[in-house]
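Novice: In order, the protein sequences belong to chains G and U. Residue numbers for the first sequence follow the numbering used here, so the first one is 1 and each next one is one higher. Residue numbers for the second sequence follow the numbering used here, so the first one is 1 and each next one is one higher.
Rather than coming from a laboratory, the hints here were simulated on the basis of the structure. No experiment lies behind these values; they were computed from the predicted model shown. Each hint should be verified, as a subset may be incorrect.
Pulled a few chain U residues facing chain G out of the computed Cβ check, cut under 8 Å [unchecked claim]:
1) 12
2) 41
3) 119
Just so it is clear, CB atoms sit at the ideal spot from N, CA and C, and this is done for glycine as well.
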Amino acid sequence: MTSKKILFLLRSAPYAGSKAYETLESLLVAAVFDQEVSVLFADDGVYQLLNEQDPSGIGTRSVGAGLKALSTYDVERVYASTQSLEERDVSITDIELPVDTLNAAQISTLIAAQDAVISG
Amino acid sequence: MNFALAVHGAPYSSQASSSALRFARAATAAGHQIERVFFYHDGVAVANESIVAPQDELDLPSEWTVLARDHKFELAVCIAASLKRGVVNESEQQRYETPSATLKPGFEVVGLGQLVDAVINADRLITFAA
Chain G
1 MTSKKILFLL RSAPYAGSKA YETLESLLVA AVFDQEVSVL FADDGVYQLL NEQDPSGIGT
61 RSVGAGLKAL STYDVERVYA STQSLEERDV SITDIELPVD TLNAAQISTL IAAQDAVISG
Chain U
1 MNFALAVHGA PYSSQASSSA LRFARAATAA GHQIERVFFY HDGVAVANES IVAPQDELDL
61 PSEWTVLARD HKFELAVCIA ASLKRGVVNE SEQQRYETPS ATLKPGFEVV GLGQLVDAVI
121 NADRLITFAA
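The task is simple: from the sequences and hints, build the whole structure.
Specialist: Next comes the structure, spelled out in C-alpha cells:
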C-alpha cells in the first residue's frame, strides 16, 4: 500500500464535544494503515496532554487514556506547539506522552513536509 | 487533479458543507476529479434523510447527491460519528432496533479506513472544518 505522510493537527480541547476523541480514532486508523503519521498538539489541543484526566463525571471517554495507545500503534512523531503550551501554562512535566516541542518556524517546516494534514 | 474532501461541520449550523459543495462543483466544472467526500464529526448530519431545507435556501443533502451522481464520486459518512448523531442505514437500524433508518439514499455509511484510503488515492485532501 502507498504510504503517505499524514499530520494530525489536534487543536480541540479534550472534552469540548466529541471532536478530540473522534480525531484520535482517525489517527489510530491511519497508523493501522501503515501511513507515516505525525501528531501535533496545538491551540487548545495541548490540554489533551494533561495528566490524570478523569471524565467519568461527564459520561465520556478519556482522551488521555486513548492517547496512551499511540506508542502501541508505533506513532512516535509526536509534537506540541511551544507557543500553545506557554499561552495555556501547560508545562512539559504535566504531560503524559513523550513529545517534542516545536516553535512556529519548526511547525511550518513540519506541515510543509506532509502529503496531507487532517485537523480536528 | 484528484481531490479528497473532508467535511466536518453540520449543514446550516456551519458553512462547511455549503463551501465544500461549491468547491466540488467548481473542481468538477474545471475538469478535476473528486476521489471521495468524507463526512466526519458533525458533518455526517447532512446525510439525514429527514432534513427539510427551507424553500429559499440551498437543499444541501439533495445538491450533494445530485453532484455525486453526475460526477460518480462517493459520499461517505463515518459510521461511528453518524450512529451517535441519529444517521443510520437499514442494517444499523435493524441491529440497534432504532425506530427507522434515516440515511438519505446516495450516501454510504463507511468506516474510518475510507478516510485514509481517500487520502492515499487523492492528490490533495481539502478539509472544510466546522
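Novice: Are the hints correct? Go through all of them and say.
Specialist: We went through each hint and held it up to the structure:
1. Because the smallest distance between the Cβ of residue 12 of chain U and any Cβ of chain G comes to about 18 Å, over 8 Å, the interface hint for this residue is violated.
2. Given hint, residue 41 of chain U at the interface with chain G, holds; its Cβ is 6 Å from that chain's nearest Cβ, closer than 8 Å.
3. Because the beta carbon of residue 119 of chain U sits about 5 Å from the nearest beta carbon in chain G, less than 8 Å, this interface hint is met.
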